[in-house]
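Chains as they are written, first to last, in the numbering used here: chain U, 1 to 209; chain R, 1001 to 1398.
Everything labelled a hint here was simulated from the structure, so no lab data went into it. Please note that the accuracy of each hint is not assured.
Stated by the list, open to error - Some chain R residues near chain U, calculated using beta-carbon distances under 10 Å:
no., residue
1, A1177
2, A1194
3, T1203
These numbers come from a predicted model, not from an experiment. Glycine included, each C-beta is placed from N, C-alpha and C at the ideal position.
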Amino acid sequence: MNESDPIVFVVDDDASVRDAVKRLIASVGLRVETFGSTGEFLAANRPQAPACLVLDVRLPDVSGLELQRDLAAANIHIPIIFITGHADVPMSVRAMKAGAVEFLTKPFRGQELLDAIQEAIARDRVAWNERAQMAQLRARYDSLTPREKEVLKLVASGLLNKQIGAELGASELTIKTHRGRVMQKMGADSLADLVKMAERLDPSSRTYK
Amino acid sequence: MESNPGLHRWVSAILRCGLALALVAAALGLTFLLQSVVSTAGYLFFYIAAIASAWFGGRLPGFIAVVLSVMTVAYFLPPANSFQVNRESLPIFVEFSVSALVVGWFSSWRRQAETELQYARDELQLRVEERTAELQHSNSQLLAEMAERKRAEDAYYEAQAELARVTRMSAMGALAASISHEVNQPLAAVVTNADACMMWLSTEPPNIEEARAAVDAIAQQGTRASEVVRHVRAMFTKATPERTKVQVNDLIREVSVLIEGAALRNQVALQTELGVDLPATIGDRVQLQQVMVNLILNGIEAMRDVTDRPRRLLISSLLENSDEVLVTVRDSGVGIAPQDEKRIFDAFFTTKAQGMGMGLSISHSIIESHGGRLWASSNADHGATVHFTLPVDHKSTS
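Can you make the complete structure from the sequences, with help from the hints?
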């Protein structure tokens, strides 16, 4: 297993339930990390990989539902599967509305949990890929010189090399050279590709109005 | 009459004086009538007129009649036809005057005494009536107060019974939630481990080590669940915070008062046959009350559908073998079905639509923790009897 393999976090204050869930998840070859409280989970280093959280509603420090709210507020997006001893309808509705993948009542069948975990990881994988791509793009953009960033911005806004040259007070040839380096650094195959990248980096830069 | 007493008094006085005048006139007439038959009529009628005037009119009309009669007599005495009285007629005249005065005064005095007596009698009658009315009023007030008091008492006992029920139910609810959570956790672990075990056995090749660990965990969690159940039982049997001297008969009386309302509502005749001079037992008064209430309410409930015979609940106490007090609660209800006899003391066993099946089970535990026994039997005719014993407190008897 390596760093980018999917991982399941389990937070339950009952060690026996925690261990059983860990054993079950491990049987399908997924990575599992368990925590006895929300505090432990928040303090832990979470690997950069598609993940999901199996969360007990009733926890000693911060309840599962509060943790769900706190994570959303901290912009940490991780799909959550709730497990609880006794679920009432308002509680489950609240959890599902806040984006939970599944709400299981103990004792639940192993397959139900595994199915929910697969779905949650699939969801997170999409989101995670999105985030990874974005991070890569951001890194490439950061490698541009200030001049190149300006050129990229003006190219993306649809100006010709000559117009850009006039704008920046440089010759058309110089701009052409900058543009070539920008294409190379950003890993763009075409002008259209580059424009798309610019838009993803800065959605407000869309120029075709 | 009441509106003008002054006027009334004057009219009455004039009428009474008129009466005296009329009576004297009548006496004169009668005397003349008699004189035409016999030579000397005497003064009989004048006496009568004086007496009657004094009697009916009072002192003044009596005196007026006497004066008028004396004048009349003087007029007719020799020398006749004049108010002059000569020497030989004087004794008769004086005799008449004095005797008429005396008779008139006596009559009026007598009349006044009688009037006063009558007045006193009337007064007494009035006072008696007033007093009677007063007594009747306070009597009805007392009755109303008693009814009000009875109502308040009923409401109080009903509220108390309701409170006891609610307390019992909410305590049971909290307990049930806690127990279900405590049991549910190991059960969840058992189910998940069982599923994990199956998963590990179906991998290629099967992972026997992991499967074994899962089965191990199942055994552990099963044991943990049974521990929880054992603790719950221990909670009922060992939690005996207070041990005081308890008189079983006092207990029965207290509980009977509590239960009276429920019995009344269900048309159940509550009867007690309490043993005389029972020795004290030792126990937790509240727990024992709870047992009594449970047994009695069960009995009442068992008679809910009984319509063809009296609903009778008999609570009795007696000393058995000189070291145990035996209490029985006998009802005339539907009785215990033979197949249920062994199970009625099991937790969660109930035949009632809304029962929790905890009453008899808890009662059983409580009595056992007191060193007594609790059992049930079917009656020969109808219904069931629940019996329990409590050991006698020998320290207090020796």
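Here's how the hints hold up against the structure:
1. A1177: holds, 8 Å
2. A1194: Holds, about 8 Å.
3. T1203: Check passed: Cβ of T1203(R) comes within 7 Å of chain U, closer than 10 Å.
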